[in-house]
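Peer 1: Below, each chain spelled out in residue letters.
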Amino acid sequence: MNISRLVDYAINNSGVVKPIVIPADDLSFPALTNPSIAEKDGELYVCVRNMSHTLFHAENDRFHHVLGKNVLCNKENENIFTTHNYVCKLNSNLTIEDYFLVDTSANDVEPLWQFSGLEDARLVFWDNKSYLCGTRRDTTTNGVGRIEMSEVRIDNDECVEVNRVRIPLPGTEDSYCEKNWMPILHMPYHFVKWSNPVQIVKTDQTASYCENVHMGSYYPMDYDWRGGGQIIDHNNFYYGIIHESVPVATELNKRDLLYYHKFIVWDKSWNLVTQSKSFTFTDSLVEFACGLCKHDQDVYISFGQTDLVGYILKLPITKFESFIHGH
Amino acid sequence: MDIDTLTQKYFKDMDNCDSKLELAHAYYNQQLFAPASLFYQKVAEYSTNIDQTYIALIMCQMCYEKLGNRPTAEKSFLLAAIDTDPQRPEAYFLISKLYEKLNDHQQSYYWCIMAENVCDFGLHPLSIPCIYPGRYGITFQKAVAAYWIGKGKLSRDIFTYLLTEETQFMHNSYYHACVRNRQQLGHGPDSISISRYLEEYHDRLKFKFKDSDKIVQNYAQVYQDMFVLYMLDGKYNGTYLEIGSAMPIKCNNTYLLEQRGWTGVGIEFQEHFVTDYNNTRKNKCLLADALTLDYTQLIKDNYNTNIIDYLQLDIEPAENTFNCMLRIPFDTYKFRVITYEHDEYVDPKGQWQHQSQVVLESKGYQRVISNVSPVENSPFEDWYVHPELVDINRLKDILNNNDTVTKISDLMLKLADR
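Residue numbers (the numbering used here), protein chains in the order written: chain Z, 1 to 327; chain D, 1 to 418.
No wet-lab data here; the hints were simulated from the structure.
Each hint should be verified, as a subset may be incorrect.
Once the Cα atoms are required to be at most 20 Å apart in a straight line, the calculated SDA-like pairs of lysine to any residue come out as [to be verified]: (1) Lys129/Z - Ile154/Z; (2) Lys18/Z - Asp2/D; (3) Lys12/D - Arg5/Z.
Pair ranges (Cβ atoms, derived) [as the list claims (entries may be wrong)]: (4) Asn16/D - Gly143/Z: 39 to 49 Å; (5) Asp4/D - Leu67/Z: 27 to 37 Å; (6) Phe169/D - Cys177/Z: 49 to 59 Å.
Since the structure is predicted, the reported quantities are computational estimates derived from the model, not experimental observations.
Every residue, glycine too, gets a C-beta built ideally from N, C-alpha and C.
When you get a sec, could you build the whole thing from the sequences and use the hints?
Peer 2: Shown next as structure tokens:
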């Protein structure tokens, strides 16, 4: 399969790609990745994940860790893999103007599972409130993951978690771990829970319930479409970015990870209109986009590389459309 | 160039390992070790240049070391580096250090042996901020590891070798560590031997003094107390300033003097010694840093004279003793007798001995005995007197102003009859 790199496309089509950098002294943990970008009142904000662990990935199968090809490396005397989040304000050059560690102290309890914190949080602004919507797995002793909405207050000198709610599953559904629900920016408290078949769920700000509001048809695909960034409304269509996790066998016949991404376009009735070809962002095999927004005449996509670095990619809307339609 | 600029350069040609390496260095220099590790690891995975691959793997290890307590990953990178170029020494050095940190000294030692047998130490140096200092670094590591795995003599011999053969190449920190370690290791079991005087030796005592026949035993390690009493003809009720007191009785230079009515002050840095001293001795010992003390004030507060009978200068290491000596107000106060510890046996350059001799002789002191040693080849002190303040005839009798090693018992005692 001929896979193109979106970063190449952006750079060659009036786009810009910027790394997200926060000074080391101000970080809780070493890895800063999987950012989520959103717009509020004409300003761009990013929520970026800060992790205690790093990903060791022997991409080319050349030099493995003694424990394998893909290894999460925490401090060896620490059992908890912790995530913190920073909310950053971007300037027009897409560099970070200000950043705040999200203060979750009012709602934190002792973690019951080894992965702690709100993971891969999507930043959304609904009803004049700011939310981080991500997966939390630390509330039960067996690591059950659910999407939580964490309401945050972003001030000039801090970002504080005001409240957090855990969204139940709709109907009689049950699962071990919910991940990557895609908030629909123009429909408060609605998410694309699954992309194929498309499943739209609705909750409220208290997460007192969760119900299915739409279930689409299944389109045969090679791989599952897993969630990505927020859903945006543009020219009477809904746009999302999803990822495909492609299993590949290594030389030693062990499973490795490979991530491709795709843009998906639905009409207003959530019928699949088109999809882009699969792409990667960079030369890395592990990438993850959990941010998509529109601002002025550009589309912004935020993505992480190998769980170690985060970027903002800006692309003129026309070029974004061209990419999707393969022009 | 900054991270943003180098990111753009990397994006322009993502398959180019040179630009990835530059970007990795930029992150590393900003102390952002997680993203730095990503790009180093990419270079390691994809570069076709052995040196570049090797550098990237070493830098990956350094990133993980900075990230803290991820030794399994560090080990993986270093083993990969050794696999990549087994003849290069850097990874062996770093893995030996890593195992030292993990208290696995057998492994630490093993990798040094491997390096000695496998490495080509003449290979061109690599342009990385690696802490590998050169071949002597591996030799040093081997000496440290040898100590921990019970090879004390080997460890001592290696440190001695480093101090005699490699000092011109060595970074200061290594030199000082060698000196310190060599000093700790001493000369093995012999070096802690004590040359004790007992009353039955009195007939053999070459330098007798008033009431020397009444002394049941002395306490100093190598006759310092007997030397002081000889130079002052067995003086009673004298005064001393004891810098570096350590134990109150055993190996103490002033306990015998105190028994003869001497008074004085001890200075000691270690609290447990001070507590023990003040619980045991009549004269006091102050808990103080000899390197910062105001000696003029101390003497003013504790002595009613400008002439103190005995000054002991003995703190660790030799450099500190020298710097302490420089703080003594020799122009205001005089001392009849001085014992000065220079630890020449662990200072092959002899710099502290030489410098101390220059200073003390410039202040009018005469070196009476050099290179005092409890056994052969372990010289650690010089002894001085102020020629105007001691009996000149006694001085003539004992004068041994040469730089040969003096086994103290040979100097102080006649040979025993068969």
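Peer 1: Report the numbers of all earlier hints that the structure fails to satisfy, in ascending order.
Peer 2: The structure breaks none of the hints.
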